[in-house]
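Visitor: Construct all of the structure, not just a fragment, from the sequences and the given hints.
Residue numbers (my numbering), protein chains in the order written: chain A, 17 to 176; chain B, 17 to 176; chain C, 17 to 176; chain D, 17 to 176; chain E, 17 to 176; chain F, 17 to 176; chain G, 17 to 176; chain H, 17 to 176.
Worth flagging that the hints you see were computed from the coordinates, not collected in a lab. These numbers come from a predicted model, not from an experiment. Treat the hints with care, since some could be wrong.
[Said to hold, decoys possible] List of simulated lysine-lysine pairs, DSS-like, C-alpha gap at most 30 angstroms:
# : chain 1 : residue 1 : chain 2 : residue 2
1 : D       : K169      : B       : K38
2 : H       : K169      : D       : K35
3 : E       : K172      : E       : K160
4 : H       : K35       : E       : K169
5 : B       : K160      : B       : K38
6 : G       : K154      : F       : K38
7 : A       : K38       : C       : K172
8 : H       : K172      : D       : K35
9 : B       : K172      : B       : K38
Protein chains: 8
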Amino acid sequence: MPKIAVILGSDSDLPVLEKGTKVLDTFSLEYELRILSAHRTPAAVTEYVSELEGRGFAAVIAGAGKAAHLPGVVAAHTVLPVIGLPIRASLDGLDALLSIVQMPGGIPVATVGINASDNAVLLAIAILALQDEDIRQKLHDFRKDMTETVLEKDRKVREG
Amino acid sequence: MPKIAVILGSDSDLPVLEKGTKVLDTFSLEYELRILSAHRTPAAVTEYVSELEGRGFAAVIAGAGKAAHLPGVVAAHTVLPVIGLPIRASLDGLDALLSIVQMPGGIPVATVGINASDNAVLLAIAILALQDEDIRQKLHDFRKDMTETVLEKDRKVREG
Amino acid sequence: MPKIAVILGSDSDLPVLEKGTKVLDTFSLEYELRILSAHRTPAAVTEYVSELEGRGFAAVIAGAGKAAHLPGVVAAHTVLPVIGLPIRASLDGLDALLSIVQMPGGIPVATVGINASDNAVLLAIAILALQDEDIRQKLHDFRKDMTETVLEKDRKVREG
Amino acid sequence: MPKIAVILGSDSDLPVLEKGTKVLDTFSLEYELRILSAHRTPAAVTEYVSELEGRGFAAVIAGAGKAAHLPGVVAAHTVLPVIGLPIRASLDGLDALLSIVQMPGGIPVATVGINASDNAVLLAIAILALQDEDIRQKLHDFRKDMTETVLEKDRKVREG
Amino acid sequence: MPKIAVILGSDSDLPVLEKGTKVLDTFSLEYELRILSAHRTPAAVTEYVSELEGRGFAAVIAGAGKAAHLPGVVAAHTVLPVIGLPIRASLDGLDALLSIVQMPGGIPVATVGINASDNAVLLAIAILALQDEDIRQKLHDFRKDMTETVLEKDRKVREG
Amino acid sequence: MPKIAVILGSDSDLPVLEKGTKVLDTFSLEYELRILSAHRTPAAVTEYVSELEGRGFAAVIAGAGKAAHLPGVVAAHTVLPVIGLPIRASLDGLDALLSIVQMPGGIPVATVGINASDNAVLLAIAILALQDEDIRQKLHDFRKDMTETVLEKDRKVREG
Amino acid sequence: MPKIAVILGSDSDLPVLEKGTKVLDTFSLEYELRILSAHRTPAAVTEYVSELEGRGFAAVIAGAGKAAHLPGVVAAHTVLPVIGLPIRASLDGLDALLSIVQMPGGIPVATVGINASDNAVLLAIAILALQDEDIRQKLHDFRKDMTETVLEKDRKVREG
Amino acid sequence: MPKIAVILGSDSDLPVLEKGTKVLDTFSLEYELRILSAHRTPAAVTEYVSELEGRGFAAVIAGAGKAAHLPGVVAAHTVLPVIGLPIRASLDGLDALLSIVQMPGGIPVATVGINASDNAVLLAIAILALQDEDIRQKLHDFRKDMTETVLEKDRKVREG
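Guide: What follows is the structure, given as structure tokens:
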């Protein structure tokens, strides 16, 4: 049963999610994916997000571009940790970043880098890992694999 | 009966409204002022904004700072023209400006300059003037007064 | 009879208008399109814009790039609501955005997002809708269609 | 026993923490506060952070200004969720924000707004709340209080 | 008889002109100062600027803040060299700078630094100097004085 | 005999000059073109620029990218009007623009828009026109042609 | 025996190094190249960098993109001069530049331009030249060659 | 005998140097201080800088604000390592930073943070330390003192 919900403001943002999906596959985790817009489907966002806590979700990833209100609107309707994913659609993604990270006091959004869906997912996994020893172990393994991959590349470069 | 609704995300933004209030006084117009937050009182925003059209309003001014979602959230709940007022609270107001003006396709927000509550009100008045000959005349007078004020200052400067 | 005037600073900006034209087609509305430059044809701008109110127009959309003065110059010559469309031609459109939105007190320009001609048109339509029940109904329908389109995409994504 | 660790890069950043401390008081929660610099005391950071997981912490808040490396360096040494707090010390805090949020793939930092220590703490609390029914209830109460506070201000403004 | 015209968009910008006035005094030159706004008094700008060439002026300095259209509008009405002075009123003056310097092809504005009225005047003087041997000599002297002033400060610092 | 000198910091910048060259052709004017770098050939810049006034030049255009010091270095060695042309080589040209326009008091550089070699040349021509009735007439004609070109495009668009 | 160490945060950054490698070839110098990440292999960075001084190195070049912590982390572990190379990976490289150059007091990083690996290497060579007369002579020759290359291009352009 | 030369573009920049002077005192080192402007005293800069290598200097610190050309101009006249110090005078120092760090290929400037004269001096000291065992030891001690200072503050904060 998925514990991570992912909401994108538009299906045109799906390619940005690929790096994140790959991470989830590595952890054999699933997520519930929805396409919902803070501005075009506000009622559906409210309804869907309000039920996430009761349905046992542990984290919500919300990604959007431009004046990216989706993560903040999601955060307004749940006390679950909300992870904001700024998507590059204009101004190099700086507008989306500022629209997500500069939330007013009281309603935080845990913002990751522009287009960094892998880090959005890993942040959700780090939260899940607090309650799930198996995921925590996998997260340690993931880190070790990353380290090993860099060291392997380092070896190759050193050997010319 | 007021035709202009003004929503601020926080009562700490009230001083920014002063220039706008002065303009409304000049036009002998009233507005309905509400303090409602897109993130702290989303249900109240939805409820209030959804009724504005039925209550005969012609324009909504929404002002907020930082990740300023209020104008966009207001626009998602009404087909009335929504005027977005970016308020300087951090990053010189650039975050609020981008969070308001860079709306996704389909839900426009008519954005004015940073802290420019006078222009937000004048834009609302320009919209009202389309249906009200008296306001239109006053708007022409207001412009003439502004012109005359500048020319008067010009005369003073020329005369040293 | 068109109620919306559209002025572009250069015919090289015409492709940016396509999204807006599509919206107008959806509403079966017409607009009067002019290519006039604030700097190369200032007299023609003054003459054209000064007559718009008398000719019964309800809104003017003005689009330009770089040091985009056209919307402000248009606003200086009419009390009609002027909608400013920043066009991306350099610096990711940030120069055009700031040149349009940061108008001095007294002469507002209702600014939409960079290259967002669809939102410029929708803002004009929202203004027209205040006086025209038919357009208002179409605007509600347009919103509902947008909502339905997102929900349809959401269904497809959920069904994998 | 505290579950939240807070690391600041410099004791000159302590005033920024005040809003966050107030939130913790509201929740009757404690945190373990350390002054450790990614550049001046790298060994101490490594040692302290590496032990946090074993000591039962659930989240680490790391705040720094300028080229703010502390949150990223902390995240490199623990799989616990790391919350990055950009502190305004130059360039309006934009340098700190980008230095924290734009982490490379694999090591996320959950970034909050510039100087937003209240939101950093609330994000940590939202993570704690996943495992602690009492905190979760308090978080719901906190939200309700915030809502009520805004509505109370709204009432005052409406009553003039 | 003055050869330099100076137009400011607002009398609140007069203090910015002080450094420039001091330079003119050094050269025993006069200028004709006007307060005229591109948006509030467009007709007066057009009329005044159109006559400058016929009246024997050699350069026009135009200063404005925010969405600073004045220099561009001035340039649209004269073939005289127009010197644009961006005035800091918001966003650290970056909006005024971009609104002035990023002129479309065909109508240049010679832009100087933000609030740099001294350089605006010196640029006008450099243009005058091309036709006036006396001014040219004074400009060489001015440069020598500047050099000497720096070298004098250098001597003081070296002597501790 | 050319009255306009053009110095580029690198021959890789030559394509940026094309728009400017076309303008000069229109005016049947010539320029003296040099490739000289403020950093790689400082002595040659000093020598060349120091002689320009004596050789009868009326304006110098200097173009460079990145940390564009060339225009300022040129201005330090002549009292002739120096026109700075920021060339886009990184950061969308913003680094070049700021490096050129933000000159310290005393040594102005007349800055035009990023990559706007046409405007750099037209500014030089506006300066030449002050002393040359023939060029002044051609400048008026050039403006009229530009106006006519826009009006012609406007006619085409209106006729659909 | 190489005196220059080069550390890149990722092997995907290797193409950026090409300009620098070419410079080293010109000087017949070698460097020790490592791929080590501040976040993925912090222990390896600490170990490797801590030994550089003892192994006789004179300078370390560290290059990274986005939230580029590598140069600062390297500088925290050695008193050798550390040269920071910001690599363009997002936001035009501005995030990497600020993450590298805005180091807190006490631990400097000698930052060069975005993607400017040639200048990073030349800076290291300038440091080596202080102790090595042969390299110093080659550096003078390199400068002379650069000067000659520009003058040669200048001659070609002058001859048309 | 001093090995470090410091050049400031203006004596108004002297207060920025205080942090750096304090560092030099800690190391019992002297520096040769000059006030020389790239634009107002170019000949003096050329003359002074050209002689530094022959006089046995090991590093030059050059500080300037706005369009800060001084460090680049210094670097053009010596093969010694040149350390660029951007000074905040406008635009939060971003103009000075970009004008210094974005040097063209071939002539590097080792740039430190905005107003970071302490780091400029420490970088010069790191270069001196390569040839001077005493300074190197002091640099290690300086680092240890910094570490101890942070740990002491950490202890105080932990003890409340």
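Visitor: Hints first: check each against the structure and report whether it holds.
Guide: Evaluation of the provided hints:
Taking the CA atoms of K169 (chain D) and K38 (chain B), the gap is near 22 angstroms; set against the 30 angstroms cutoff, the hint holds. Between K169 (chain H) and K35 (chain D) the CA atoms are separated by roughly 21 angstroms; this keeps the pair inside 30 angstroms, and the hint holds. At most 30 angstroms may separate the alpha-carbon atoms for a hinted pair to count; K172 (chain E) and K160 (chain E) meet this at roughly 18 angstroms. Taking the CA atoms of K35 (chain H) and K169 (chain E), the gap is about 21 angstroms. The hint holds against a cut of 30 angstroms.
Of the supplied pair hints, the one linking K160 (chain B) and K38 (chain B) holds, its CA atoms being roughly 17 angstroms apart against a limit of 30 angstroms. At most 30 angstroms may separate the alpha-carbon atoms for a hinted pair to count; K154 (chain G) and K38 (chain F) exceed this at roughly 43 angstroms. Of the supplied pair hints, the one linking K38 (chain A) and K172 (chain C) holds, its CA atoms being roughly 21 angstroms apart against a limit of 30 angstroms. Distance check on the hinted pair: K172 (chain H) and K35 (chain D) sit about 21 angstroms apart at the alpha-carbon level, within 30 angstroms; holds.
For the suggested pair K172 (chain B) and K38 (chain B), the alpha carbons sit about 25 angstroms apart, so the restraint of at most 30 angstroms is met.
Checked against the numbered hints given earlier, the structure breaks only hint 6 and satisfies all the rest.
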